[in-house]
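Asks: So you can see what is in the structure, the chains are spelled out below.
2 protein chains.
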Amino acid sequence: MAEPFSPEPLRIVGTGVPRIDGVQKLTGQALYGVDVHFPGMLAGKVLRSPLAHARIQNISTERARRVPGVRAVMTGADTPGIKYGFFKHQNPRYADKLPLETEKVRFIGDEVAAVAAVDEEAALEALALIEVDYEDLPAVFSPEEALKSGAPLVHEKASGNVAAIVRRGAGDIEQGWRQAEVVLERHYSTQAVAPCCLEPHQAVANFDPASGVVTLWSSTQMPFQLRRELADVLGIPEAKVHIIKTVMGAGFGSRMEMHAPDPIAALLSLKTHRPVRIVYSRTEEFQATRFRHPMSFDCRLGLTRSGRITALEVKTLVDSGAYLSQAPGEATVAGTNPFSIYKVPAFRFEGTAVYTNKPYGGAYRGYGNPQGTFAIEGLLDEAALELGIDRFELRRRNLHNAGDETVLGYRLESCAQRECLEAVVRALKPHQKRGRGRGIGIAGLFNPGGGTRVHGNSDGCGAMLKIEDDGTLQILIGGQEIGQGGATAIAQIAAEALGLTYEAVRVESSDTNLIPWDLGTHGSRNTFVSGNAVIGAAKKLRSRIIEVAAELLNAENPDYLEVGAGRVWIQREPDRSVSIAEVAKAAHYRRDGSVLMAEHFYDPPTEEPDSTGHGNKSAAYSFGFHGAEVDVDQETGEVRVLRMVAAHDVGRVINPLGAQGQVEGGIAQGIGFALVENMFADGGQTLLSNMQDYKIPAAADLPAEIEILLIESRDPHGPFGAKGIAEPGVIPVAPAIANAVADATGVRIRDLPITPEKIHAALRAVKDK
Amino acid sequence: MAEPFSPEPLRIVGTGVPRIDGVQKLTGQALYGVDVHFPGMLAGKVLRSPLAHARIQNISTERARRVPGVRAVMTGADTPGIKYGFFKHQNPRYADKLPLETEKVRFIGDEVAAVAAVDEEAALEALALIEVDYEDLPAVFSPEEALKSGAPLVHEKASGNVAAIVRRGAGDIEQGWRQAEVVLERHYSTQAVAPCCLEPHQAVANFDPASGVVTLWSSTQMPFQLRRELADVLGIPEAKVHIIKTVMGAGFGSRMEMHAPDPIAALLSLKTHRPVRIVYSRTEEFQATRFRHPMSFDCRLGLTRSGRITALEVKTLVDSGAYLSQAPGEATVAGTNPFSIYKVPAFRFEGTAVYTNKPYGGAYRGYGNPQGTFAIEGLLDEAALELGIDRFELRRRNLHNAGDETVLGYRLESCAQRECLEAVVRALKPHQKRGRGRGIGIAGLFNPGGGTRVHGNSDGCGAMLKIEDDGTLQILIGGQEIGQGGATAIAQIAAEALGLTYEAVRVESSDTNLIPWDLGTHGSRNTFVSGNAVIGAAKKLRSRIIEVAAELLNAENPDYLEVGAGRVWIQREPDRSVSIAEVAKAAHYRRDGSVLMAEHFYDPPTEEPDSTGHGNKSAAYSFGFHGAEVDVDQETGEVRVLRMVAAHDVGRVINPLGAQGQVEGGIAQGIGFALVENMFADGGQTLLSNMQDYKIPAAADLPAEIEILLIESRDPHGPFGAKGIAEPGVIPVAPAIANAVADATGVRIRDLPITPEKIHAALRAVKDK
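Protein chains in written order, with the working numbering: chain A, -18 to 750; chain B, -18 to 750.
Some clues are possibly wrong.
When chains are identical, the list treats them as one kind, so a pair holds in a single copy or across two.
[Said to hold, decoys possible] List of simulated lysine-lysine pairs, DSS-like, C-alpha gap at most 27 Å:
| # | residue 1 | residue 2 |
| --- | --- | --- |
| 1 | K6 | K252 |
| 2 | K69 | K296 |
| 3 | K676 | K750 |
| 4 | K739 | K750 |
Treat the hints as calculated values from the structure; they're not laboratory data.
Construct all of the structure, not just a fragment, from the sequences and the given hints.
Replies: Printed below as a string of structure tokens:
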């Protein structure tokens, strides 16, 4: 097997350098979207539907237009009327959203009209004066309801409210069932939870009539996708759209797609020839941005008596909400990754995304994987109980090994899954005596860690590097810092690859005109793909540095030169050295000289999966196990998470602080998902208006003990062997906690969140038996 | 001889496309320095010396500090006290200027103190309250005065007020004098003229205490030189300086060096932690920015009776003014290029830059060449008269030919000098009968047209190119648009080299963090050097485009493919074609795909001249002749230029509109230099406060007939064969007019400007004889 590029000893990779953007953020110098200001800039506001489902009969904007300071009042009739949707370029049917709806509104909060005015007050005053005549329509609030024959149609074109169906599967399922000696059938379900980014969604658009270019400042995770989406919905060429990604106050996947402020601000700017800014309120954040799709899973699992999985069939309903957004993609993920945690020789998955008259979900860290993993890992524990096999042992019997190829064709070139399992089991001390109400649980995860070739056949990233005369490195890279520490990791990788100090590196990745193309930061790909792009360019520069240094040092053989910390020296004579600044100057200031510059485009060596999901979709796969220890109040059903142990196969740790932070953050979000967060009341509506209505775990709500174990399997394709660690931290948290709760109480909650009410009711039901 | 890269037929190169920045400028969208605005930005103002020469005894800033709104009052004592100067890195002695002077002031207008306040009014009020005690010192106002023994010293370290001495020469001068059958001795002199850029000098500086970085928005021709100069004078590492070049309202060389607003704004921002803007008034423009150095020439020319030049010796005094700036560079140019117009087998030059207590000169289009050419081309006409040889014929006998190497080692690989001469002579119709007071004159020029290797051994430029999925090309290039049309030429060259449409190209060249290094736009190098940088990168992309297109078109042989206007087709089957957007997408959206990206650094294949000036300093040389027809009022001495004919060997015309514009502008400035402009009154002082005090030729002052002939010699190193045309237009104008005046009147004015008073006096002197 190939070895990753990793010239030892490493000096920067593996050390916990401070974030490259840390000081900027701490001192308030970082330019967030709300800091973008232009003279003459207008405030944009959006009028939203007060009804869950209604036909728009008439919109009267006359009174609104007369408000002093109002520069534009816009309805769907004033727009090109082109629908958008994240997967539109893969399937035109997946475009179902208008910037401003014209015929119907489909959820409370749907965009109906917009105003641009000299200030927010005037805009809000005008908003209140727009008169919309609605014909109220019957609405549906759950997939089950929506699928019933005769149910009201959210979109007339989607018969039966079926938005999309995704089927995945592999292996001989008939044989799997024949081999099954035990079969379990269970129903699991998960709820909607919000990423709650501290920075609200916002956009500043500026149309320049001279050039015809619309410039959009937006905190997007995928600037080049946004460029395409925005050009499409505005009906102008992509060359006339210019995206500048502002500093992001968290993304978590929710900023992958174009959000309503992007096209609405752009359309208002096109109309007014003025810069227009839209900033969402926290209420709009809950009403009108993306959240984790609720899913339900009808599962059928077959095993041999010895605990070998033989077959698995799952039917999933995805509650898409009023529009489709990323529901097909999330169904695909839910239908592949959770089935790959263990050796599953045969499985079938059918995911149906269903329209309902609710706010619509989208990407959120894990992207279908946390939902599916909750089901699969619950099933595993239930099977262990059924088979009378220790649940850790059951897992051991179904693990992967490095070099395996899964039934879906995933080639596991690096795999420290077993080490992760054993590390967590060891830390959990399963044989320790625990008191009443105490329990432990475990759950695994499988996630692509080397990109995923699913988006129109490029999963690449470009990088351009130049070294200045003073030895400073400037990186222009497509891959985005989204708050996760990506730019820090990229700077470390570049510094290591080139033998520079970390402080000598600058990273620019915000302006689509200037940076080379990248798919966008999502799917735990950024460090892997951008890191490899940077290494590809750095290798070219490294050879040139060594060549010039050899000249300057009169070295007999360039192979004997070592590079690090901004210098080049002769291995056995470290005193014979030269700085990289001197090398840069020497390369530059000579006849036929050149500045140290290089570009590279890295596209992971992966396959686009076929329609069944078969194909080696990622260049590397991340593994891990989480263990939870909980204390459950047997009276109230209240769950306290005492301890979390997380072991992750990260390939290589680039930045231990960053990797730990990723896992810690994932655990916090996972605990919220497991125990408390829930966007929708039972009736299907959301009444959230601010963070006080929506509890997310704060520092005090986290377990006192969080133990994070980073295990290095050195992936042959990873930058210095690294694999993605962005999403894994959240994926197994909920099932680990659910399994611990079951261990503690004897009752299994298969429906998230695991509230005291549900535990209490389950305990009472057991007692009543 | 090598052929230039020039895939025929050309589609864009050679056509007069509109300027790439034209619409932006016409509609007011272009971001000039004065358009840069930040919240909390302070206004900076500079206190200047009211005396030509004085010792600073005390500065009291207390009253100024108390003005409401004042945020900083700064004197030299508050600064690091590091001197700067354009040639400091070549010779530390050439640094003689402080941002704010501490010991002495050396001219009326010298920088003494600075204020930053919330608005201009407060800053001006504070400025008026700064009290400076001066000890008035005797001053010198001309080089001749300054060189006298016992003259007051402008800089104590420069004994005899000699700022720098430059000696150049080649050939066997003794033999030259032995061969001379006729010897002429003459004295020529030229005055100070101002470039009069419409945009005043300005700078916005913003110090970010979080990163320690100073960002400077400045309309500089040489952002990377400015980065180095500013870092040096602030005493901080170059990595902590970030230059953003704003759109420039003309440079003409005057914005090559760091101007006082750059360091003063930066120092005020460092002090206040606020953005600070300094904008010069027109009075400050005349007082405190650069202009063409006055020079005088003591010449001795030897020729054979048959008109062959045998020897030439010139001693030049450069009136440097109070500081050195670019005087040594200009002396070097005056001591080389004018001696290279004709075959001069042996010459000696000694140029002495002398300090005087006047505002100081600097770079201005031609950079010593217009001054020296005025002397040499006057001498030629005087020699023709002396020898009784037709002045056109005398020139013919001393011309270069392609393939020649001059006595200084300049290799003339392309040379259409003879065609230029004959074209101008033909157009001038020398044998036509002209009336009384009418005359014609001619003068030649020699100028590097392929860069000049004189600045620390790199004359290069880097370019990074990327082609977007839609076939749009983004260029990141170090070479600067300074109003001359450089970006337009670069876009044409790139479009041609890649087979794109002109409209598909974007050029970015403003931000030193992002663009690759370039020496800076000066010396008529931009199109040549940047153009070659772009071609170098484009060639790499072109191969890839053809390779992918061949695949898409199932072409048997990529050699049979043609590229142009955004498409690739099979030569004999033009219907079998594919767009470059399709090629870009196909290259990108595939396994192992990559975005079309390439970088290149071009450094012209030239030699750094030795201390005598010997060495092939440029990769190409531009030639030309100007002819003038004048009408001189025999009573008043008033000169009317009736007609100018300009023939230029430009190698290849990239943009006929741009090239003609360059020559027309040069003629306008040359007429001002020849006839009217003069910054200093006889006493040596300037009292100019606004444009009404300083007449420059306006449209109505130009001759009705300007005939421009662009002759293409196809230089083997030039981009598509092109050579520089930025400076040539101004160089021979004054001597052509002077020669026409002499032809018209029989009197020769050897001292510019050729005013009616001088002609009148000369005519009277002749009459009185």
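Asks: Hint by hint, work out which the structure violates, then give me just those numbers in ascending order.
Replies: The structure conflicts with hint 3 only, although it agrees with all the remaining ones.
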